[in-house]
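In case you want the letters, here they are:
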Amino acid sequence: MPGTIPIALTVNGAPVSRAVEPRLNLVDFLRIDLGLTGTHVGCEHGVCGACTLLLDGDMVRGCLVLAVQADGAVVETIEGLSERGALRRLQDAFLARNALQCGFCTPGMLIAAAALLAQDPAPSRDAIRAHLSGNYCRCTGYHAIIDAVEAAAAKP
Amino acid sequence: MKPPSFDYVRPRSLSEALGILAARGDGARLLAGGQSLMPALNMRLLSPELVVDIGGLDDLRGIVERDGLVRIGALTRHVDLQRSAIVVRHVPLLAVAIDHVAHPAIRNRGTIGGSIAFADPAAELPACAVALQARMIVAGMAGTRIVPADEFFLGIYETALGPDEILVALEFDAVGPDQRSAFAELARRRGDYALVGLAAHARVDADRLDEVRLVYFSIGPTPVRARTAEALLTGRPLTRDTVTAAQAALAADLDPPADTQASSAARRQMARVLLARVVMELLDPVPIGAGG
Amino acid sequence: MTAPPFSPFDRPNSYIGRSVPRPNARRLLAGRGQFTDDVQFARLTHVAFLRSPHAHARIRGLDLNAAKAAPGVIVIATGADLARLCRPWVGTLTHFAGLKSPPQYPLAIDRVVWRGEPVVAAVAATRALAEDALELVVVDWEELPAVADMETALDPATSVIHPEFGDNKAFSLHLESGAVDQAFAAAHQVIEAEWHFGRHTAVSLEPRTMVAQFDPSEQRLTVFQSTQTPYQMQDVYARHLGLSDAQVRVVAKDVGGSFGMKLHVYGDEMATAALSMMLGRPVKFVADRLESFVSDIHARDHRVKARVAVTADGEITAFAVDDLTGIGPFSAYPRTSAVEGNQVIRLIGGPYRHRHYRADLKVVFQNKNIMSQYRAVGHPIACAVTEAMVDLAAASVGLDPVELRRRNMLTDDMYPYTSPTGFVFERLSHHQCLDRLVGHMDYESLRAEQERLRRHGVFRGIGIAAYIEITNPGPAFYGVGGARISAQDGCILKLEPSGQVRCLVSVTEQGQGTETAMAQVAASVLGIPLDAVRVVTGDTEVTPHGGATWASRGAGIGGETVLRAARALRDNILALAGTILQAHADTLDIRDGLIVDADGGRERMALAELARIAFFRPDTLPPDFQPEMTVARHHVPRGQPFAFTNGIQAAHVEVEIETGFIKLLKHWVVDDCGRVINPQLVDEQIRGGVVQGIGAALFEECIYGADGQMQNGTLADYLVPMAGEMPDIVVDHVSTPTVYSELGAKGVGEAGTAASAAAVLNAVNDALRPLGARVTTIPLTPDRVLAALGKLDA
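Residue numbers (numbering that gives the first Met the number 0), protein chains in the order written: chain V, 0 to 155; chain B, 0 to 291; chain Z, 0 to 793.
Looking at chain V on its own, in the form it has when it is part of the complex:
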């Protein structure tokens, strides 16, 4: 049985040290070891986007990264991003437009939308649809999400 490996990283601005099994992926580490349950597990094979989070500032799939690979990294999740207000425009727009139903995809969807707006402050509807194609939503049919991202982009 392989042993655990010590890792030290920054999660939502705070330093974290743990010893983890090599096979533990980052999203399970965040959810189980740190109680950060806002990042969701939808498929565990990198397709659905529910586990989207920021790793060293880049949007990644939490199920396709090992926790040991995050040693020394900076991780931000929906909890941290919400608390520092990084998603406020999008969250307000999603609320106003009812761009979420069950809410399971929503944290990943918000992070993906924020990544788009960071590189393209005024994306077209087609560009929004293309960019969000890696994030499944089974409830909304996407239209309201596209509207909400468009509205958030239009706000100063």
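Hints were generated in silico from the structure; no laboratory data involved.
It should be emphasised that the depicted structure is a prediction, and the values quoted were computed from it without experimental measurement.
There may be inaccurate statements among the hints.
Residues on chain Z that point at chain V, a partial pick, calculated with CB under 7 angstroms [as the list claims (entries may be wrong)]: (1) PRO22; (2) ALA24; (3) LEU28; (4) ALA29; (5) ALA96; (6) GLY256; (7) GLY510; (8) GLU683; (9) ARG686; (10) ASP727.
Restricting the straight-line Cα-Cα distance to at most 20 angstroms, the calculated cross-link-like pairs of lysine to aspartate or glutamate (EDC-like) are [unchecked claim]: (11) Z:LYS665 / V:GLU149; (12) Z:LYS662 / V:ASP125; (13) Z:LYS665 / V:GLU75.
Cβ coordinates follow ideal geometry from the N, Cα and C atoms, glycine included.
With chain V's structure known, arrange chains B and Z on it following the hints.
Okay, now just chains B and Z, sitting in the frame of chain V:
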């Protein structure tokens, strides 16, 4: 759906990594961006004793152009290819193809070396490498060897890499002023693996193509060159009849598989359509960034 | 302002008919939702299941020794072990006469009947360790012939899955109305076609998830479960695990999508509850995505042969249909797998006024995953068959599809109307919906554009699909057949000392906005601000027993329940106010949280002040006056077995005829769900439903081989609609409230899904018509389109 247990090591140098591979052999798997390895681990399709994380080997990153050669480190991420002015200018086929590879979150982790070494027959980058006659720079304990792309892909997920070797870089000739590339694929949904894709490269002189390379993917165990069709398109004025003849010749060049996404016959039909599209594109290119 | 009885709908501060944001959305947006897998437990254990790799096989032996010795393992349990703790269940109901299904156990005992059936459970300290242990289980399998193809399931040469039944037929039904043969004999045109509908599945983004926690000291089982129907599950756990209802509590926290999939009884879930009783510890089960594909119920899987009779002037006089559907090896419990086929043959032809109808339904067993109710049960099949046949009828007599529908749809003077299949339509609005739809689409311009583009080799199509939707189900749905599934709902409303109101209601929330809609009803009837109402759902220990959420019943039945409770609480509040203010209750009203004079609106006292007196100074009230600040009301629909809504959809598509690829350009819906409580919630229910139907039309199919193996059971291979390919969807409403409730709301959960696949199918065939091609199988894959166009090499 949790991965089986494995040991993990993160070497600090290429020689350390090669030493580990030499010592552990078949029981070890290299982890680069992890975008193909991690799903396979999560599904327990693989159960390596040891995962060797080469993510710390910074020498394997980066894109440089010198004397008409573009060298792309194996750990260069898809997103880095997308953002690279060198790639857009000198290896535009990669710049076009990369937009079709999965989704932004995957492109932020996935690496060119990982995609090439994983050798998924449905992947875009191996076909591009073959179309452009890339040279694979492969390191082993005995030193470095160069494998031409044409000889690199041997079967489904099977390459010329030995169990104790690491793909460290790819080398491309910068495209000349008379050379053009074209790329097209048909995927059910944006970011999906293509039902059929085609990477093409040629020397273009008005309405004539020379040194044509048509490399299909998702249509066989490896990237597949359509050699008969290439020959028919080479060295003569391109007319509707030439293209039709080349399309018909695909019957000899391609033997597409059937799977849950498409039948063999549908893939053949799509392959013919893509051929016409890339020929049009070679003759009358759309600037990068202007198309879908 | 009129004095009571007032209408809550036209009060100046009414929330009914207003798009207000969902109060519970804030925490979901902040990552503070609490889905079942997010709840923390002490001494938690994790279960994983070894699932059958074969579609049909005998278990000759099990070697569990290595698994039992694996690190972290707490128990390894077999079907026989759990059969001692859990009584089997049978998925039949008496109102589906002749329906057969054998007893089903939590885990297979000596035989497996589908690939994915759970066989061995491993409980361990972590999910990973449980999976490690399962790799060490050795099963001695004897493969048996698999029944995969429903077309041959009833052939004498086909092996019989359940020998005790003698054949593979689970259920059959014949409907006959009018003079069908004469109608066909007299027809100007008889059109025949055969339509195929692939299997698909719900793919809720949150998989099935539960934590069962049995406390041996109190002999109480608490189940946290991602379910639509906590009360039904409380009853199921109690009866099958040898407990009383009172010993079982089921709690549904946030539910990450359900769509009808999370209300069936699954062996792995029963096993989880039984294991918790065996261990006296909490046991967590989270279906991973791979096991979801082979264990969540599948849906559809129909082959329908249809004939329609048309007169020379385009009058449809008769439909005749033959529906064959495969349901896997069991009829699902407790709702059965007969409902979908039953609804298919009863809904076909629904919007039209033909009087002659014949239908035959055969429901057969197969060695595939169990098929049962999923969003819009039966509707999409019925709608697609009807609307596709209507388009063929139009073409056969040279009429535009819109014109043919105008000539055949039920008209406003025909209600109440009894359909040939026995449905009674109180009042529908087909023609208003069609008129609005045509206006939104600018139908004539689209047709002109279509003509113009065809000359340039661009093939666009317009598809129209009218629908009816069954909502507000009463006991006729399940209760009459013996199912312990409530058709009534309950609501407890409490005025609290703060002057705020708490609403405990049995309908449940999965993101559709149930809690918001209930708050809107309560606030409107009571006359208080929306944010003064807090709605609590989904805990059998707290909320009244009720049906919860299925078949579009939340707004119609739950809403009426809340309305009645709110009216009762309002009466009690005004009675108390009258006593305090020494005024007649009839002269007072509640507006914006204040007791006011009904006439003139002068402020008399705040609700918080009234509540203070009620709770802390009742001594100041007359000795014979007891304030009742908590009320409970129940409601079940009466007067009709269920309600009907109607609407119409249109799809605009472009077919790339060289590749068979289909591009969705736009989609329109005009729906009539009666009184709309929250237009935004209704619109988004419809849009989400439309896209699930588009999934069925274009992408989603559980593909099985002849060996009964599902071949595309990953999220990479089973294609779910994504943002990039979906169109913008225009939604509009006509409102015909039902008179069988005061609220007048019907329901809207299925409407989008009911007709979107039909609209897309018709649009694609409209595009292909000038090429002489027709596609008759959904999903409309490039392969099928190319085959229809004759573009595939032999």
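We went through each hint and held it up to the structure:
no.	hint	verdict
1	PRO22	10 angstroms, violated
2	ALA24	5 angstroms, holds
3	LEU28	4 angstroms, holds
4	ALA29	4 angstroms, holds
5	ALA96	36 angstroms, violated
6	GLY256	5 angstroms, holds
7	GLY510	3 angstroms, holds
8	GLU683	5 angstroms, holds
9	ARG686	4 angstroms, holds
10	ASP727	6 angstroms, holds
11	Z:LYS665 / V:GLU149	18 angstroms, holds
12	Z:LYS662 / V:ASP125	13 angstroms, holds
13	Z:LYS665 / V:GLU75	37 angstroms, violated
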